[in-house]
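I would like the entire structure built from these sequences, with the hints used as guidance.
First residue of the sequence shown: 1, per the UniProt record's numbering; consecutive thereafter.
Just to be clear, a hint being listed does not mean it is correct.
[As the list claims (entries may be wrong)] Simulated pairs of lysine to aspartate or glutamate, DMTMM-like, Cα-Cα distance not exceeding 25 Å:
1. K105 with D215
2. K104 with D207
3. K53 with D77
4. K53 with D71
5. K105 with D120
6. K104 with D215
7. K53 with D196
8. K104 with D120
9. K104 with D196
10. K53 with E227
11. K105 with D196
12. K53 with E79
13. K105 with D71
14. K53 with D87
15. K104 with E114
16. K53 with D120
Don't read these hints as lab results, they were simulated from the structure. Keep in mind it's a predicted model, so treat the numbers as computed, not measured.
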Amino acid sequence: MNAPAADPIRAAFGLDGRHALVTGGGSGLGLAIARCFLQAGARVTIVGVNEAKLAAACAELGGDVAGHAFDVTRVNDAEGFAAGVRDARGSVDILVNNAGSTVKKPIDQMTPAEFQSVLDVHVSGAFALTRALLPQIEAGRGSVLFTASMSSFLGIPNVAGYSAAKAAHVGMIRALATELAPRGVRVNGVAPGWIDTPLFRGATANDPARRAKIDARIPMGRLGQPEDIGWAMTYLASAAANYVTGHITVVDGGALHAF
Numbered sequence: 001m002n003a004p005a006a007d008p009i010r011a012a013f014g015l016d017g018r019h020a021l022v023t024g025g026g027s028g029l030g031l032a033i034a035r036c037f038l039q040a041g042a043r044v045t046i047v048g049v050n051e052a053k054l055a056a057a058c059a060e061l062g063g064d065v066a067g068h069a070f071d072v073t074r075v076n077d078a079e080g081f082a083a084g085v086r087d088a089r090g091s092v093d094i095l096v097n098n099a100g101s102t103v104k105k106p107i108d109q110m111t112p113a114e115f116q117s118v119l120d121v122h123v124s125g126a127f128a129l130t131r132a133l134l135p136q137i138e139a140g141r142g143s144v145l146f147t148a149s150m151s152s153f154l155g156i157p158n159v160a161g162y163s164a165a166k167a168a169h170v171g172m173i174r175a176l177a178t179e180l181a182p183r184g185v186r187v188n189g190v191a192p193g194w195i196d197t198p199l200f201r202g203a204t205a206n207d208p209a210r211r212a213k214i215d216a217r218i219p220m221g222r223l224g225q226p227e228d229i230g231w232a233m234t235y236l237a238s239a240a241a242n243y244v245t246g247h248i249t250v251v252d253g254g255a256l257h258a259f
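In structure tokens form, the structure reads like this:
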């Protein structure tokens, strides 16, 4: 009797046998990305600064997931961290640079230190961790992913540091994609629109005018769900996207291009 044929859809879109590391993986979009990766068959390492939050996230997710506490702004420790993850969990094939922070203030109230603190997480931290994990990712012919933003493309007031950092992500994606393609490493990003997370709900709970303005900007007429970002990341990490690099997938219900 012939063995059953392998599922071609699973082979293309699944992440079986792959090890994914997600920074900022203890909550919000990072948690959703980790959940989708696990459902696609990957083993997942989530990274954050709060050990209790990581432990709770691992318990919620279940499956082949582990948490490792690390502050991505400790750029001089990135190589040691990368080696520790490899020794504990095996080589990393997929890196998701998702850790983030923001300072929301007008420019004349935002200090240079506050501005720099946002760049330290999004830009310097992502660069250092990508650099540290690159030998592992290259060995597995894997990929690097960034969580970009609509702020990568739009002029949003009072978040100069965040907007600068997310625009930098677009530049890094394109530069690294070109540089690393000959080495078998793909580099892509996902730019979320307005997503229904606890952070979003908290930010708009006492500002109905802002919420109404946001709702009016979305042609699809609803907020996105965290898993919308997770599945977009899963596709970009999968074999189905093996000819895709240097690309930013916008997941925003049509808001970016609406008039």
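Verification of the supplied hints:
no., hint, result
1, K105 with D215, "23 Å, holds"
2, K104 with D207, "15 Å, holds"
3, K53 with D77, "22 Å, holds"
4, K53 with D71, "14 Å, holds"
5, K105 with D120, "17 Å, holds"
6, K104 with D215, "21 Å, holds"
7, K53 with D196, "20 Å, holds"
8, K104 with D120, "16 Å, holds"
9, K104 with D196, "19 Å, holds"
10, K53 with E227, "19 Å, holds"
11, K105 with D196, "23 Å, holds"
12, K53 with E79, "24 Å, holds"
13, K105 with D71, "24 Å, holds"
14, K53 with D87, "23 Å, holds"
15, K104 with E114, "10 Å, holds"
16, K53 with D120, "22 Å, holds"
The structure meets every hint from the earlier list without exception.
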